[in-house]
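Asker: With chain U's structure known, arrange chain F on it following the hints.
There are 2 protein chains.
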Amino acid sequence: MRWAVILAGGSGSRFWPLSTPSAPKQLLPLAGPTSTAEQAVTRLEGLVPRERVLVVTGPALAGPLNAVLKLPAENILVEPRAASTAPALVWATAEARRRDPEAEVLSLHADWTIREDDAFRNTAAQALGTAARHHRLVTVGIVPSRPDTGFGYIVPGNALDDTARTVARFAEKPNAATALDLMASGALWNSGLFAWSAETLLEEVARHTPELSSHLGRLTSGDVAGFFASVTAISIDVGVLERSNAVAVVPGRFTWDDVGTWDALPRVRKRDAHGNVAVGPVHLAAAEDCVVWSAGDPIVVGGVKDLVIVHANGRILVIPRNQAADLKALLDQLPAEVRDLP
Amino acid sequence: MRWAVILAGGSGSRFWPLSTPSAPKQLLPLAGPTSTAEQAVTRLEGLVPRERVLVVTGPALAGPLNAVLKLPAENILVEPRAASTAPALVWATAEARRRDPEAEVLSLHADWTIREDDAFRNTAAQALGTAARHHRLVTVGIVPSRPDTGFGYIVPGNALDDTARTVARFAEKPNAATALDLMASGALWNSGLFAWSAETLLEEVARHTPELSSHLGRLTSGDVAGFFASVTAISIDVGVLERSNAVAVVPGRFTWDDVGTWDALPRVRKRDAHGNVAVGPVHLAAAEDCVVWSAGDPIVVGGVKDLVIVHANGRILVIPRNQAADLKALLDQLPAEVRDLP
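Protein chains in written order, with our numbering: chain U, 1 to 342; chain F, 1001 to 1342.
It should be emphasised that the hints constitute simulated quantities derived from the structure, not laboratory data.
These figures come from a predicted structure and were not determined experimentally.
Wrong hints could be hidden among the right ones.
Said to hold, decoys possible - To spell it out: a stretch of chain F is covered by chain U in this simulated footprint if at least three of its residues, at any positions, have a beta carbon under 8 Å from a beta carbon of chain U; those stretches are:
hint : segment
1    : 1277 to 1288
2    : 1302 to 1311
3    : 1314 to 1324
4    : 1328 to 1341
As the list claims (entries may be wrong) - Reference excerpt, derived from the structure (chain U facing chain F, CB under 10 Å, subset only):
hint : residue
5    : Ala286
6    : Val292
7    : Ser294
8    : Gly296
9    : Asp297
10   : Pro298
11   : Ile299
12   : Gly303
13   : Leu307
14   : Leu317
No residue lacks a Cβ here, since even glycine has one placed at the ideal position from N, Cα and C.
Bound-form chain U, shown alone:
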């Protein structure tokens, strides 16, 4: 049967001061009235039933996620420690197989914004079909809408069937020139949307991932804490997909974004006639191309351009949009009592 694993760890600071350790990005209504985590579960309706949706997260977020997602309690898998994506996905996949030996698993992230839910479901179903038919680890490669330097790319190889191809290689986040070349040559964004049968993933891990394989027995015996204490932190891309010969890619033709910075919000939020995104009690006069978000006091903005202005959790942030990607460096300069949020 089909299962879904939603990775919902991470407490990034890229949406400071709106994001906090107990309400990080995936729990924020960044792209609409509900959080991207809630949207991720809702978007699976008709594809994977809620009782087979697993969520992997850390101890601090299990409660807040459970409160909004309303999944069966045993479907919230709490990692003893954050160890990148491979241990999380291997554990969740092993857990799905424990409950269902025929488990076919879709892997996704809780912080995505996807516009065309139908196209997403069709593509995901196709990826699950490809995984079953070819016994491969299937990646969904998003057809790029711009030469983005913030994503990794998948270079497709030979055709496996009408839609699926082998993977020639994975390309790391490129520089601007390389991104243009990749996009022109038909490379696809590596979204993190994957499909595999539990059996295939665990076989490939046993074959290629010594960082995990020698500890798989602990999962079989139910010793999750021991598994996480023993494994090396490694991503599913580096630890498995880039090493395996049983990988495939299917194209995803839907609008997909991981909204990595304040600057990215206008890609997923409605803009006014002057290109501004305004959320909360915000009053703009002659502002252009700004991102203004108040979860606190009214913000009155005059004729400024290309700024991010945020009030949330007792902090105010004002930065140029083109410096939003460097927010972490700015926060590192702050005294802890200003930077740290409840």
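Answerer: Okay, now just chain F, sitting in the frame of chain U:
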């Protein structure tokens, strides 16, 4: 004896959202640790004793001013209505004469920033001396440090003695070209710092100011409310000084500012190495020439330039510095519940 009249009415919105009806500009610590109203009283020490300092203000501010100025209660003169400067100064001058028939009056404003207090006192004493000696209404003309278009100018005429001259004419707030011409020709800023004997002012009003003169009897009989209900609102400049032939000017060689906008703060506040003025819990990284004031939450500012950023009284303002003079127009566009402050 010497008396001082401090005009402390006005509840302007030019320092919104920091300034409020109950704490307007003159009660804010704009230029230092204490309010400009407190500084105005302190600056008079040695020149005019506190028991002869009168303050004219409106009903809403009498309490707040009294609380910080700690003058005798009967020295706070509460105008029944705001009617510009001539009625206020005529009333206060008449009140000084009622208490002291020989009253010599210095008139000043509660919202000034003056750097050299000694020079101020010397000039004020000189103006009082000139007023007594020549029986004139004496204006102090500030020697300009820039061709400011925000002030009126005084064009001096013939010499009356070593320092005092007649006034050839008063010039309204000029355009930029005219301001340069005025400055080059030796014109002085019309600061509003005046000196006169009570007798001379009331004589000149009786002679030149029909808007007030026919109602002076009400003041004599103690009917202040009747006086204010009857008079026309008119400034001392237009109503008296520009009409009188008994006017003089003495030069003031001290740093004087009325800090009319957020943009003007860097003239009177210490700037950091990048030209920023930061007050309150403010954290700047690579910001240049900004004015950032928090009376509320910490404000974190990245690499922006020439902005005014303020958090106070539950409101946040972000505008370019060069639009600070147009703040009132911006506020007029706001819903009342955002604009109005307690």
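Asker: For each hint, tell me whether it holds in the structure or not.
Answerer: Status of the hints after comparison with the structure:
no., hint, result
1, 1277 to 1288, "holds (count 3)"
2, 1302 to 1311, "holds (count 6)"
3, 1314 to 1324, "holds (count 8)"
4, 1328 to 1341, "holds (count 6)"
5, Ala286, "8 Å, holds"
6, Val292, "8 Å, holds"
7, Ser294, "7 Å, holds"
8, Gly296, "8 Å, holds"
9, Asp297, "5 Å, holds"
10, Pro298, "5 Å, holds"
11, Ile299, "4 Å, holds"
12, Gly303, "6 Å, holds"
13, Leu307, "7 Å, holds"
14, Leu317, "5 Å, holds"
In terms of the numbered hints stated before, the structure departs from none.
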